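K.L.:
Here is how the chains run, residue by residue.
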Amino acid sequence: MDLLLATLDLREVVASTAVAPLPGRPRGIEGVVFYQGEFLPVLAWKDLPGGSVPEGEAGALAVLRPRLGLPIQRLFGTIDPPSEAWREVDEQDPTAAWVSGICTMEGLQLRALDPARLIALLRRFREDR
Amino acid sequence: MDHSFDDVWAECEDLFQQAHETLATLKEPQSSHVVQAAINALFRTTHTLKGMAGMLGFHSFSRAAHRMEDIFDLMRKGRLRSTDSLVETLESGVLALEAGMADLRRGRPEPEDYLYAIRRELGELEALARPAQGGVQDLTSMLDLPADALKALSEYERTRVTALLMSSLPIHGVAICLDFATFDERLKALSEALGAQGELISTLPWDVPEGLDGLAFLLVVACSTVDLGALPLLGGELISTALLANPDRVPSALKEGDSGQSAEAPAPVEEAPVVQAPPLAQEVEILRLPALRVEALEARLMAVGQLRDKASQLLRRNPGPLGEHPIALMTQMEEGLLEVQKSLLQMRMVKIESLFSRIEPMVKSLSRDTGKPVKLTFNGGELELERSLLGKLSEPFLHLVRNAIDHGLEPPSERLALGKSESGSIRITASQRGRNLRFDIRDDGRGFNLERIESRGIELGLLKRGQSPTPERLHRLALEPGFSTKDRASQLSGRGVGMDVVRAEVEALGGELHLSSEARRGSLIRLSIPLSRAVVSCLKVRCAGQVFGIPLGSVIRVQAGRPLRHGGDQVDVFGLSLPLESLQACLGLPEPDGQRSYVVLGQQGAASRSVSVALGVDEILGRGELLLRSLPELAHAAGIMGGSAQEEGVLWVLDPEAVLGLAMDSLMRRVARV
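So the protein lines, in turn, are chains A and B. By numbering that gives the first Met the number 0, the letter at position 127 of the first sequence is numbered 126, and the numbering carries on one by one without gaps. By numbering that gives the first Met the number 0, the letter at position 467 of the second sequence is numbered 466, and the numbering carries on one by one without gaps.
So that you can see chain B by itself, here it is in the shape it has in the complex (with noise of 0.2 Å):
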């Protein structure tokens, strides 16, 4: 990857989010005005995104974004309007942008078309657009070609193919290799063949497949269906036949009104009411910064807070004349950087739903591909992430995604034999778990084949025969470098893409993958992403000297000034008598005399009769709002879920889940010794 690009990949990443939320926005019923935004927005988007790829020698790409930009364009000059399914479409259109920028950031080749999966609804698109005032209705673009072939079509053959789709005609294509000392004559005996079952269109050039020699042709003809047997095909002739267009797309508007045999072009659609461009005020996007600028402004903030720290305790060891005036000017300064700090964080964060909503369009669109319905939900999109991960996720997401739906999802026919309902689900959960987000992604299917994947560990030497591992251990195997149950990949899944690979995009983040699942009952692939900041509320308390923040999520009762308690006590809450162990036991920290000041703790989201245990403190300091930073891999503590820089140094932010275990080990250890 050429990190001078850095800039560029960050403007392009915020790009694609702003195209994705926009994208959201037309999904939901709003006023014209809002739409017509969102598709300027969205237009804009794209335009940008050709000209940034232009400029870096991107062609493929900054042609895809470039047609992209002319389907926008029409939208927004009042010529298609904006439906569910063309919302859909054009969604698949960005997310195949943005596979394709991912693809380029990793130093992959340009393909030669990035929208070569959408390129019929495309064309339909464009086809189905009300043409421009004085132009005739052209559906030439409906036809599954690329664009060099419909480039070759002449001016009759394009109102051939509008007229024969609009009386209802589909229309096929043909395509053959012929030998050059006979083509002339096989390609004559083969097109008056093709002409008795229906209208040719057109002749024209095509490639010529690899391992064969000779001349290609596509002959395009209009008819009900193509009859191979009544032409008179030599061995090693017929490249291919497909069907190019189908008139049921065309919708029946366009169809009304027309005698269905006339070669005329149909008589524009109802004009729709211009939409007028909106007012200034309703255009005005939310400010976004990429990344890489909201990082640096991060640090040079952080340097300020530090600075402001050393003034602080300097003018602490030193009063001056002054008194208290300077200390209380300084703890405003703290409380303004910390606005400052949220707000940068707010720049970097992006609800989760973002990420869902990527997916979204590409599980109903494998399901339509693969003949598997598929019943989606979502839990947890209110939860927020970092805009640098969810650019980062998104393709290891879809990828895993992917694989539920073409390896773990059965087909209708043997679910509804298993006594499972048609449709295969999957259920994709996102929570925070101490430091982490962690999604959970569930499906209903078959399960990890383990037979196979043991004797596929065997075959690679990375199991031995008659060692019987654990399921765990299968699990793990599966995401191994270079490790694929299947010979070749299948074409949904594939992609050169495996497991091993998502693993290890996912351990880049600092992220853990972990994969379980059931025969006939279903999968659930677990990601767990650390989040490097957040804003925490928490309850302040000291322990040992130390000052932690403990995030309100999990403080279930605060209890102060009570009597002298010890770890392993009991004590009463709500009724309730539950275990008390001291902080510093959890911590590993030199044991107190015993305490007067309690947190009760509980699981986050649980429920009220769960795990809990009463936490002994020193002294209840009161609550805050921190701003958390993680903590490197190597300085990770047990119970600890980051820090947050304060005058008087470090205050830890304690994983409430993880004091949960430590305590009740520690709780453990007690009576063990008793």
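Just chain A, with the same shape it has in the complex (with noise of 0.2 Å):
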């Protein structure tokens, strides 16, 4: 899947590292790494809706503002996409619950993630254990 990122909601982009597994792990998220002497918890796409298990290794973590960070295998670039670009997510989607919108550009379909909405589901999932 190819996302959108705001540069707005990064912290930065770090190497990959090995992932501490946490036994008994809450739904969404696979374990921690050790980022800047604390543990930053790492999420597991799989288990968003919509959600998809990433192909190979991923080769980087964008460590999101809210202490999040997120797997990734390459960075495209940046872009600054026009407003005639974007357009909603339907009700069906179920990305909906973290996308907040969808971006057509030369042929991508860019899903942009909504930190917010990610971290409500992250809380709702921890609520329904």
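For the record, the hints were derived by calculation from the structure and aren't laboratory data. Owing to the predicted nature of the structure, the values given are computational and were not obtained by experimental measurement. The beta-carbon is built from N, C-alpha and C at its ideal position, and this holds for glycine as well. Misleading hints may appear alongside valid ones.
Residues on chain A that point at chain B, a partial pick, calculated with CB under 10 Å [to be verified]: (1) 22; (2) 27; (3) 31; (4) 35; (5) 37; (6) 38; (7) 39; (8) 40; (9) 41; (10) 45; (11) 55; (12) 58; (13) 66; (14) 116; (15) 118; (16) 125.
Combine the two chains into a complex, taking the hints into account.
P.N.:
Okay, structure coming up:
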């Protein structure tokens, strides 16, 4: 899946390190890595509605401002999409719980990840446990 | 909040922490050189606070810090002796400044006088100081008046104030507001009438209250009592009357040898032995770094630790001609790093009694103000928490205790009528529960008024009529934003801070607030705060290929090399038959075919026959001290307290209380399956 991450939501992108799996991990969290002297939770894409298991090993870790690590395979680059490239996510689309919109550019369909929705979803997973 | 001030706030927090610790020293009997060193330290602290506040443009704060600095200056020069009541007043002053700093940090405007609540006591302290060489006793600062009004008194008036207080006459203030057109005649008439009741010392200009027109004055008079009925006051002329200075507060040592009528200044009290400045070695203070700098050092150290781990892994993968020698050196480096980390952690930690020491003077003062005697007890002061948490917890904590005294405890007459002891009880207990520090604040007062909470909840649309909410729901409701059963906040608990704000502050620290109460029996406020890091002595065990740490405080017994056991079996320990459950089953890991080792876990601090379980593990590895880091909220996993970075990866430290619960659940499921 190709995603868009707003640069304002990103702390940084770091090289991927081995994730320490958490026994009895909460849904949505794969485990943790050490980041700036603290544990950083790492997202489990496969647990998200509409999320998929990435092929191959993650090459990098995008660290969101709300202190969550997203394993990613590679970075395409930066874009500034025009407003006409955007469309809303269908209610039926399972990714609507964590995506704020879909941008179509140069034949690519990019889903814009919404950190606030994603964190709220992970918290809901925790409460439902 | 301006983040560019973060370093300054951290510095201030440290200064306040030092001040509390030094004041705590003064509360205990100490030799004179220790007292002198403590006073010097407090003088320096308030001096630094004054300078920092002035630099940042907080002039009112700077003035208040200057006032405190003056008192410490009088003490260090031997003109004021350290007594219990003096230390109590100074502590209240330090607390007032600290609360003021917290408000500034939140961007609140500066008040006119941070030390307003203890203005009278501070004035008395200054007044009672032994005069400087060649000086005369001046008791003017005993008058409970703003600094500007005190400055307006003439030399003669100051002498009269001193003499009249020495002769045991109280000094009163009568504030009046007079019409522009007739104020001169009215002032003359009222001054004459008041002069007939006692000695009219001074007529000072006064602030005209809002909504009134005219000229206001304060008539300062020395007499036993002011008979307002005998004054020719017209409607609306009287603003207020107040006792400005109580002669009973003048120590008898000052009055002795004085005729009681003389206007002359009393002879200075007997020369106190001059306290020599202590030798340098006794003034050495423990190095305290601001929390932010400690954090930066820790992060740097962490990075060094990770580099060491990588180097160690490389050495293991590619052994060179030097054999095991480099690996042994790496192990030594690991031990050294852990020691430095522990030292840094120690610099971040303070004993919880520092928090308790802030509560005690406030409770004493509130008890006096409300006329409610309070028996205050603390437990668990020896536990430690992070200094940064101490600063953030103080205000919510003080508010909760204020609430308990203000709303919880009944007045003595009501308590006696209910068959309770005259003194109310407030018990504050700190304990460590898993990865949390738990604070329980219990009082034996009237409990929360659930009926009123319910009706207020309906009024606010938070509850529906006829819904019959449970007591738990009603207690939770009291923590909702904007929820208050009082139309006007009381003077004590008021201050614009409600329980919802306390909850928000506690939750911002990752903690939880829980209320419960029983009508007429009392209330319990439970506050749980996660520890972000700690050094924990653990038993290391292997299970499902991973290494876990079990805090030693919860380990009752360790057994290895026993016959093969399975989850659900019973084992004999000290003649007791205990249920055995595998750690794998507790944590949701694949179950083993059987285990030969187990660890008997019990509830920490509980009686020997309380809940305990034998926890089956694959291998016992030994004990060790681990630097524990808590898990971020999103990664909370059942039974895991936190993790410790090790060369081979993360070692998970178990939360014994949670694991006990998980083991019991798992055993119950086994029974249900059978």
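K.L.:
Run every hint past the structure and note whether it holds.
P.N.:
Hint check:
no., hint, verdict
1, 22, "4 Å, holds"
2, 27, "8 Å, holds"
3, 31, "5 Å, holds"
4, 35, "6 Å, holds"
5, 37, "7 Å, holds"
6, 38, "6 Å, holds"
7, 39, "7 Å, holds"
8, 40, "4 Å, holds"
9, 41, "8 Å, holds"
10, 45, "16 Å, violated"
11, 55, "22 Å, violated"
12, 58, "19 Å, violated"
13, 66, "6 Å, holds"
14, 116, "14 Å, violated"
15, 118, "7 Å, holds"
16, 125, "7 Å, holds"
Hint check: violations occur at hints 10, 11, 12 and 14; the rest are consistent with the structure.
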